[in-house]
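Chains as they are written, first to last, in our numbering: chain H, 1 to 210; chain C, 211 to 502; chain S, 503 to 551.
Hints are computed from structural coordinates only; laboratory data are not their basis.
Using N, Cα and C, we set each Cβ at its ideal position, and we do this for glycine too.
Just to be clear, a hint being listed does not mean it is correct.
[Stated by the list, open to error] Simulated crosslink set (SDA-like; lysine to any residue; CA at most 25 Å straight-line):
| # | chain 1 | residue 1 | chain 2 | residue 2 |
| --- | --- | --- | --- | --- |
| 1 | C | LYS287 | H | LYS122 |
| 2 | C | LYS437 | S | LEU515 |
| 3 | C | LYS437 | S | GLY531 |
| 4 | C | LYS437 | S | ILE516 |
| 5 | C | LYS238 | H | TYR163 |
| 6 | C | LYS287 | S | SER510 |
| 7 | C | LYS287 | H | THR155 |
| 8 | C | LYS287 | H | ALA168 |
| 9 | C | LYS287 | H | LEU86 |
| 10 | C | LYS287 | S | ASN509 |
| 11 | C | LYS238 | S | PHE522 |
| 12 | C | LYS238 | H | ALA168 |
| 13 | H | LYS122 | H | ASP199 |
| 14 | C | LYS437 | S | THR530 |
| 15 | C | LYS287 | H | ASP199 |
| 16 | C | LYS238 | H | TYR66 |
| 17 | C | LYS287 | H | ALA190 |
| 18 | C | LYS447 | S | TRP511 |
| 19 | C | LYS238 | S | ASN509 |
| 20 | C | LYS437 | S | SER510 |
| 21 | C | LYS287 | S | TRP511 |
| 22 | C | LYS437 | S | LEU512 |
| 23 | C | LYS287 | H | GLU137 |
| 24 | C | LYS323 | C | ILE415 |
| 25 | C | LYS287 | H | LEU136 |
| 26 | C | LYS447 | S | SER513 |
| 27 | C | LYS287 | S | ALA528 |
| 28 | C | LYS287 | H | ALA150 |
| 29 | C | LYS287 | S | LEU525 |
| 30 | C | LYS287 | S | THR530 |
| 31 | C | LYS437 | S | LEU514 |
| 32 | C | LYS238 | H | GLU143 |
| 33 | C | LYS323 | C | VAL406 |
| 34 | C | LYS287 | S | GLY519 |
| 35 | C | LYS334 | C | LYS447 |
[What the hints assert, rightly or not] Non-contacting residues of chain C with respect to chain H, defined by C-beta distances greater than 12 Å in every case (computed):
| # | residue |
| --- | --- |
| 36 | ALA364 |
| 37 | ASN463 |
| 38 | ALA495 |
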Amino acid sequence: MKKLSLSLLLILSLILSMAITGCSSNGEDSAETSAAQSQASTEAAEAAESSETAEASETSQAAAAYLGISFETTDLDGNAVTAEELFSQHKLTMINLWGTYCGPCIGEMPDLEILSQRLAEKDCAIVGVVVDVAGLEDTSRLETAREIIADTGVTYMNLFPWYTLMEAFPAQFIPTSYFVNSEGQIVGEAAIGARGADDYEALIDELLGD
Amino acid sequence: MADLKKHPGLFRKAVQGTWGLLSNGYIKGFLPGGPAIYEGPLKRFCVPGMNCYSCPGALGACPIGALQAALNERHRKFPFYVLGFLISVGIVCGRFICGWLCLFGLIQELLYKIPTPKLKIPEKADRPLRYLKYLVLLVLVIGLPLLYRTDYGAGEPFFCKYICPVGTLQGGVPLVLLNESLRSALGWLFRWKMLVLVLCLASCIFIYRPFCKYLCPLGAFYALFQKISLVKIRVNKDACTGCGACAKVCGMNVDPHRIPNAAECIRCGECLHQCPVEALSFEGAGRVIKNE
Amino acid sequence: MEKKKSNSWLSLLILVGAVFMCLYGALTGQADSVLMKAIRICMECIGLG
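Just chain H, same shape as in the assembly:
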């Protein structure tokens, strides 16, 4: 009888401690993971940034008016991309998060290419984010991503999942697509799960209509 209550007590305390540690370690640790991954990427970005400081001081006055989502990252060739630049160019930007290991993500990409051509006529755009390629230094996965982009015929821009970008567009499930207006604000609901070009277009048309 004593053995039973003792083991039950032990069990309860173990559960409690695990639950507490489990609860607190989510955000910080995933931040650590992605931060560690993008460390090398940030260093590469700093080199690119120093050459842009002259332009930056001019645009900072205009930037004060921008209240939307902010992030920094580069495209798959290493060209810096900022949120304001990206979103202000289009009425609606669809951010599609995908992974090289995700079959349905890859399966919908040919459709997304078709969609991107249709959207260009509506002054909208699709931008992809490869969630499992940390940066330019992640050569083997980057190579895989490039192969997939070539195989599926994708021509639209793809970005690396740097920390600030992933904070703005969290994706615990992929494929996930967010819709962002020209002011850099997320509109509508995120579309989780693969779907066809027509479905996405219907969603976008609805959002444009508002």
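Here the structure of chain H is known, so what remains is to put chains C and S in place on it, guided by the hints.
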């Protein structure tokens, strides 16, 4: 209330339950409005039993899921990490994991406790059906993920995607219930998996651990190590009277005193308790661990 | 008794080999791969499709 001597299996249930709660202890995942799943570093580790990483509370990864994920990559890599883990666990204790550290095993056992008449599968059907899980392992977990690629070079985790009721129960169902945003993605695949789950759970009420017997690829893998694991069951041939009490109590239809480390034995230890002369024991590398 | 001992040695050897295999996989980034797939979950892969 509960007397460990009268209900020796209670200790095992407590271990199964504790481990189930511990390995799925991310409470935030179950709270509405919170993150859907745990995203922390513990998920680089596999748990030893069947436990889908998509469970809102899951703190670790499923080894069978991780194995398929490694094999179905566009550029195939030998799965050193996952396979090394699986072999380590298997060689230490074989299907002991099934009996003590698998949440889905516990769920099946609890369903079987529902008082209904129980189905006895005739041996002629039961024996060959036990080999089905090896087929599941070879084809759905290893073969197809390794070999099949779509036109765009993407692979699929066939067992996880099309069959696994553990994932549907622990992951799919709670996720869909707790996250409205996921519901628009549901189609025929989810409906099919729900059917598989319902059939599986229903059969668990009438048959003892049918998933473990006929379908589980992880059980099939661990079964390969039963005779050579470091921890195994030992029969004291001198003490054994051949009464058959051990075989009678075995839910997996094993005859422990004849074949003590059968592939089908999940090492729950029930036979140890039932043996009137304590001829059965767990032993580790030659030394007795537990006797009654 | 001797046969049992030699069996134990074989099992220990397999264990050591498997542990090394696991560590090797972890050092070559396979553990990170497991982590990535477990925190950015492919929907259809878990049957949500």
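Consistency of the hints with the structure:
1. C:LYS287 with H:LYS122: violated (43 Å)
2. C:LYS437 with S:LEU515: holds (15 Å)
3. C:LYS437 with S:GLY531: violated (33 Å)
4. C:LYS437 with S:ILE516: Distance of about 13 Å is within 25 Å: holds.
5. C:LYS238 with H:TYR163: Roughly 22 Å separates the two Cα atoms, so the pair holds.
6. C:LYS287 with S:SER510: Violated. LYS287 of chain C to SER510 of chain S sits at ~31 Å, over the 25 Å cutoff.
7. C:LYS287 with H:THR155: Not satisfied, since the Cα-Cα distance of roughly 28 Å exceeds 25 Å.
8. C:LYS287 with H:ALA168: violated (33 Å)
9. C:LYS287 with H:LEU86: Measuring from Cα to Cα gives roughly 37 Å; hence the hint is violated.
10. C:LYS287 with S:ASN509: violated (31 Å)
11. C:LYS238 with S:PHE522: Roughly 35 Å separates the two Cα atoms, so the pair is violated.
12. C:LYS238 with H:ALA168: holds (20 Å)
13. H:LYS122 with H:ASP199: Status holds; Cα separation ~16 Å.
14. C:LYS437 with S:THR530: violated (32 Å)
15. C:LYS287 with H:ASP199: Answer violated: LYS287 of chain C to ASP199 of chain H is near 36 Å, above 25 Å.
16. C:LYS238 with H:TYR66: violated (34 Å)
17. C:LYS287 with H:ALA190: At roughly 33 Å apart (the allowed maximum being 25 Å), ALA190 of chain H and LYS287 of chain C break the hint.
18. C:LYS447 with S:TRP511: It holds: about 24 Å lies between the C-alpha atoms, which stays within 25 Å.
19. C:LYS238 with S:ASN509: With Cα atoms ~46 Å apart, LYS238 of chain C and ASN509 of chain S exceed 25 Å; violated.
20. C:LYS437 with S:SER510: Measuring from Cα to Cα gives roughly 11 Å; hence the hint holds.
21. C:LYS287 with S:TRP511: It is violated: about 30 Å lies between the C-alpha atoms, which goes past 25 Å.
22. C:LYS437 with S:LEU512: holds (12 Å)
23. C:LYS287 with H:GLU137: holds (20 Å)
24. C:LYS323 with C:ILE415: holds (7 Å)
25. C:LYS287 with H:LEU136: holds (21 Å)
26. C:LYS447 with S:SER513: holds (23 Å)
27. C:LYS287 with S:ALA528: The given pair, whose Cα atoms are some 13 Å apart, holds under the 25 Å limit.
28. C:LYS287 with H:ALA150: holds (22 Å)
29. C:LYS287 with S:LEU525: Status holds; Cα separation ~15 Å.
30. C:LYS287 with S:THR530: Cα-Cα ~11 Å, so holds.
31. C:LYS437 with S:LEU514: holds (14 Å)
32. C:LYS238 with H:GLU143: This hinted pair is violated, its Cα atoms lying about 36 Å apart.
33. C:LYS323 with C:VAL406: holds (21 Å)
34. C:LYS287 with S:GLY519: This hinted pair holds, its Cα atoms lying about 19 Å apart.
35. C:LYS334 with C:LYS447: violated (29 Å)
36. ALA364: Contrary to the label, ALA364 of chain C does not stay out of reach of chain H, its closest Cβ about 4 Å off (not over 12 Å).
37. ASN463: Correct as stated: the minimum Cβ-Cβ distance to chain H is 30 Å, above 12 Å.
38. ALA495: holds (26 Å)
Of the hints listed earlier, those the structure fails to meet are numbers 1, 3, 6, 7, 8, 9, 10, 11, 14, 15, 16, 17, 19, 21, 32, 35 and 36, in rising order.
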